[in-house]
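The listed protein sequences correspond, in order, to chains A and B.
With full-length UniProt numbering, the residue at position 48 of the first sequence is 48, and numbering never jumps.
With full-length UniProt numbering, the residue at position 92 of the second sequence is 92, and numbering never jumps.
Simulated from the structure, these hints should not be mistaken for laboratory data.
Owing to the predicted nature of the structure, the values given are computational and were not obtained by experimental measurement.
Take the hints with a grain of salt, since some may be wrong.
Claimed, not checked - 20 Å max Cα-Cα, derived PhoX-like pairs, lysine-lysine:
| no. | chain 1 | residue 1 | chain 2 | residue 2 |
| --- | --- | --- | --- | --- |
| 1 | B | K26 | A | K52 |
| 2 | A | K78 | B | K52 |
| 3 | B | K78 | A | K74 |
| 4 | A | K76 | B | K74 |
| 5 | B | K52 | A | K52 |
| 6 | A | K85 | B | K52 |
| 7 | A | K74 | B | K26 |
| 8 | A | K76 | B | K85 |
| 9 | B | K78 | A | K85 |
| 10 | B | K52 | A | K63 |
| 11 | B | K63 | B | K85 |
To be verified - Computed Cβ-Cβ distance ranges for the label pairs, DEER-style:
| no. | chain 1 | residue 1 | chain 2 | residue 2 | range |
| --- | --- | --- | --- | --- | --- |
| 12 | B | E57 | A | K25 | 35 to 45 Å |
| 13 | A | K63 | B | E57 | 16 to 26 Å |
| 14 | A | R50 | B | T11 | 27 to 37 Å |
| 15 | A | Y53 | B | S13 | 16 to 26 Å |
| 16 | A | S10 | B | R18 | 19 to 29 Å |
| 17 | B | T45 | A | S12 | 21 to 31 Å |
Each residue gets a CB set at the ideal place from its N, CA and C atoms; glycine is no exception.
Protein chains: 2
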Amino acid sequence: MLILITYDVSTSSAEGRRRLTRVSKKCLDYGQRVQNSVFECILDTTQFRRLKYELEELIDTEKDSLRFYNLGDKYKTKVEHLGIKHSYDMEGPLIL
Amino acid sequence: MLILITYDVSTSSAEGRRRLTRVSKKCLDYGQRVQNSVFECILDTTQFRRLKYELEELIDTEKDSLRFYNLGDKYKTKVEHLGIKHSYDMEGPLIL
Numbered sequence: 001m002l003i004l005i006t007y008d009v010s011t012s013s014a015e016g017r018r019r020l021t022r023v024s025k026k027c028l029d030y031g032q033r034v035q036n037s038v039f040e041c042i043l044d045t046t047q048f049r050r051l052k053y054e055l056e057e058l059i060d061t062e063k064d065s066l067r068f069y070n071l072g073d074k075y076k077t078k079v080e081h082l083g084i085k086h087s088y089d090m091e092g093p094l095i096l
Numbered sequence: 001m002l003i004l005i006t007y008d009v010s011t012s013s014a015e016g017r018r019r020l021t022r023v024s025k026k027c028l029d030y031g032q033r034v035q036n037s038v039f040e041c042i043l044d045t046t047q048f049r050r051l052k053y054e055l056e057e058l059i060d061t062e063k064d065s066l067r068f069y070n071l072g073d074k075y076k077t078k079v080e081h082l083g084i085k086h087s088y089d090m091e092g093p094l095i096l
């Protein structure tokens with residue numbers, strides 16, 4: 001299934017930027033970075049549970065906000081894009 | 001249906017911050033701001049088409065990225081949250 005992960009962290013501090021980098025690296029194990037703090041991950045139920053646990057360890061739960069949206073298996077028609085497509089990860093797969 | 005809107009804009013420039021404010025105001029006509037540049041809107045098909053058109057007029061399509069995710073009507077079990085819940089809009093409805 002496609003899990004969309006949105007991460008709200010203040011990048012005005014070095015700690016915030018570090019956490020964003022760590023969260024990004026973790027999410028990239030399972031998918032791609034489609035915006036600066038938005039990640040699309042393909043996960044099964046077990047991977048999703050593990051990823052949530054791992055991300056909770058990386059973020060500052062007193063300062064940051066992390067949201068997960070389950071788009072299911074038939075997600076291709078559920079995503080639309082306007083504007084530029086940034087290349088956050090040159091080695092990653094193409095953005096849908 | 002719930003449409004999740006994620007907006008990637010550089011807020012290091014005054015123009016970028018202005019565009020974010022305008023996009024935010026437009027999205028708040030239909031829903032709530034759950035993260036700095038993430039909006040959850042409840043829309044029917046006609047409203048969704050109109051909102052996409054209106055947002056395209058507000059953003060800089062050469063610089064910004066705007067993505068739409070359709071969570072459908074049965075979205076309540078599809079959203080999970082970790083960490084802090086920012087109050088971006090004090091007058092808005094509570095975050096799920």
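Against the structure, the hints:
A distance of roughly 31 Å separates the Cα atoms of K26/B and K52/A; the hinted pair therefore is violated under the 20 Å criterion. Between K78/A and K52/B, the direct Cα distance comes to roughly 14 Å. Compliance with the 20 Å bound is thereby established for this hinted pair. Between K78/B and K74/A the CA atoms are separated by roughly 14 Å; this keeps the pair inside 20 Å, and the hint holds. Between the alpha carbons of K76/A and K74/B the distance comes to roughly 18 Å, so the proposed pair stays at or under 20 Å and holds.
For the given pair, K52/B sits about 31 Å from K52/A by alpha-carbon distance, which is inconsistent with the 20 Å threshold. With a C-alpha separation of about 17 Å, the suggested pair K85/A and K52/B falls inside the 20 Å cut-off, and the hint holds. Proximity of K74/A to K26/B is assessed by CA-CA distance (about 29 Å); at most 20 Å being required, the pair is judged violated. Our distance criterion of 20 Å between C-alpha atoms is broken by K76/A and K85/B, whose separation comes to about 29 Å.
Straight-line distance between C-alpha atoms of K78/B and K85/A comes to about 26 Å, which puts the hinted pair past the 20 Å bound. Annotation: proposed proximity of K52/B to K63/A is violated, straight-line Cα distance about 31 Å (limit 20 Å). Restraint check: the Cα-Cα separation between K63/B and K85/B comes to about 28 Å, which exceeds 20 Å; the hinted pair is violated. About 36 Å separates the C-beta atoms of E57/B and K25/A, a value consistent with the hinted range of 35 to 45 Å.
In this structure, K63/A and E57/B break the distance hint of 16 to 26 Å, their C-beta atoms being roughly 34 Å apart. Distance hint check for R50/A and T11/B: the Cβ-Cβ separation is about 33 Å, which falls inside the suggested range of 27 to 37 Å. In this structure the hint that Y53/A and S13/B lie 16 to 26 Å apart at CB is violated, the actual value being about 37 Å. Take S10/A and R18/B: their Cβ atoms lie about 20 Å apart, and the range 19 to 29 Å holds.
Our hint of 21 to 31 Å for T45/B and S12/A is violated, since their Cβ atoms are close to 39 Å apart.
In this structure, the hints that do not hold are numbers 1, 5, 7, 8, 9, 10, 11, 13, 15, 17, in rising order.
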